[in-house]
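Sequences listed follow chains A and B, in order.
1 is the number of the first residue of the first sequence in the working numbering; add one for each residue after it.
1 is the number of the first residue of the second sequence in the working numbering; add one for each residue after it.
Treat the hints loosely; a few may be bogus.
[Said to hold, decoys possible] Per label pair, the in silico range of CB-to-CB distance: (1) Pro-49(A) <-> Glu-241(B): 53 to 61 angstroms; (2) Glu-77(A) <-> Leu-246(B): 56 to 64 angstroms; (3) Gly-170(A) <-> Ile-125(B): 27 to 35 angstroms; (4) Gly-13(B) <-> Gly-170(A): 25 to 33 angstroms; (5) Gly-43(B) <-> Ala-79(A): 56 to 64 angstroms; (6) Asp-29(A) <-> Ile-125(B): 34 to 42 angstroms; (7) Lys-5(A) <-> Glu-66(B): 38 to 46 angstroms.
Just so you know, the hints here were simulated from the structure itself, not pulled from any lab data.
Idealized CB from N, CA, C, for every residue including glycine.
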Amino acid sequence: MVTIKGIRDGLLVTLGGGDWNHLLAELEDRLDRAANFFTGARVALQVGPLALSTAEIAAVRDLLARKAITLWAVVSESATTQEAARQLELDIALPSHPSTGAEIPDELSTEATDLSAVLVHRTLRSGQSLRNVGHVVLIGDVNPGAEIIAGGDVVVWGKLRGTVHAGAMGDDSRVVCALELTPTQLRIGSLVARSPDERRRRVRPEMARVNQGQIVVEPWDSS
Amino acid sequence: MAARILTITSGKGGVGKTTATANLGVALALQGQRVVTIDADIGLRNLDVVMGLENRIVYDLVDVVEGRCRLRQAMIRDKRLSELYLLPAAQTRDKTAVSPEDMVQVTEQLRPEFDYILIDSPAGIEQGFKNAIAPADVILIITTPEVSAVRDADRIIGLIEAEGKESAHLIINRLRPDMVRREDMLATSDVVELLAIDLIGIVPEDEYIIISTNRGRPAALDDHSPAGQAFRNIARRIMGEDVPFLAIRESPGLLERLTRLVRSRTKSGG
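Isolated chain A (complex conformation) (with noise of 0.2 angstroms):
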């Protein structure tokens, strides 16, 4: 058994009893499945009681490797496995986020077939990182050098100034809608399109859409 699921920190990837080759193998599956969302993301491996070698985990790190996804953490409670993830220089806690009142939910899900909205309160600052396989609705800005990436839609109530990536795992029907959107780069399914250099003057609500192709920018309103 193999659950994703994401959390503060990037994603948790949860590798339950079985034959061992048989839970890569389905790890593997489950990452080509939806490889754009899982790019670039990090990963912390929970593994329960299970005891690994060194080289196993290091076989769950190369595999994450290839397909571009750090990993960063191994939790479990066997001994053996702790001591082999601290040679390999891996955390074997996740840290414990002080409360600071509006913030990512813990636990956001990664069942594809899944498009539940997250909403998130808050603004999402230069490196901060907003990753739901369904739809993401953010109250607050999304400042350059942050990002978004949604298998659904993105809404944001606020100057989308970020990176975003709608429909990451290669959905071209969905949409991207900000109060002011000009966004460092924005993408939705596999197409990719950037804001024009210049500055505009009159900002207003628009959202992004694939048509023909292409990525085109309209006004937001009840139309």
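Since the structure of chain A is provided, determine the placement of chain B on it from the hints.
Just chain B now, kept in the frame of chain A:
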């Protein structure tokens, strides 16, 4: 009374962390406060030079942490202000020589004897930065009105929020009103709008800073330096006073507007 611990940090290098630390230290001491400045930039120490105390260093922060001397032995009293001290960084070691816990321990030891502890953070977001912010009660983010510096400041604010620290205050350094008026530089309002934290000071570009850095005499000691005046104002705001911001005219006047209009007409016409 226990000291408040202020960490001055920026993310980007060269925006004025060390200059700000030295000047705020001086400015607070001028207000009669007992102040110690700590250089957390181990391996690239500068604060001693800017404060003009380099030749008095015998022991440093790493010596204290590793038990080679008592804390008091490493502290250097300022040559001008008797209530201002410097705890210098080691030059021959690197950031891993000190841990965040060490910083908390050292500052807790100093807390009862001072009013303010100022920590000069190294650039970057790695261990040195983590050391510098670990004991902080208040964090002062310093940036220049440049896109790259503001971007780094934003990143730093995000990291500080993730640490669960109180929200930070912003100092905008090296502002050139003439360039802002020509729209060649980000305006204060642009920076504040993006970073969305409380502005505690605007420091104008001032060539006196370069002179004072080279001489080891912080500008806050000089009545004629506009930057020195700005730092003295920030010090008073830190102490809770309501000090109006220096009049820095950023928006273009009528004449400038007209000249610009004429210029752009000429350009498009020719």
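Here is what the structure says about each hint:
no.: 1; hint: Pro-49(A) <-> Glu-241(B): 53 to 61 angstroms; verdict: holds (60 angstroms)
no.: 2; hint: Glu-77(A) <-> Leu-246(B): 56 to 64 angstroms; verdict: holds (59 angstroms)
no.: 3; hint: Gly-170(A) <-> Ile-125(B): 27 to 35 angstroms; verdict: holds (33 angstroms)
no.: 4; hint: Gly-13(B) <-> Gly-170(A): 25 to 33 angstroms; verdict: violated (41 angstroms)
no.: 5; hint: Gly-43(B) <-> Ala-79(A): 56 to 64 angstroms; verdict: violated (36 angstroms)
no.: 6; hint: Asp-29(A) <-> Ile-125(B): 34 to 42 angstroms; verdict: holds (36 angstroms)
no.: 7; hint: Lys-5(A) <-> Glu-66(B): 38 to 46 angstroms; verdict: holds (43 angstroms)
Checked against the numbered hints given earlier, the structure breaks hints 4 and 5 and satisfies all the rest.
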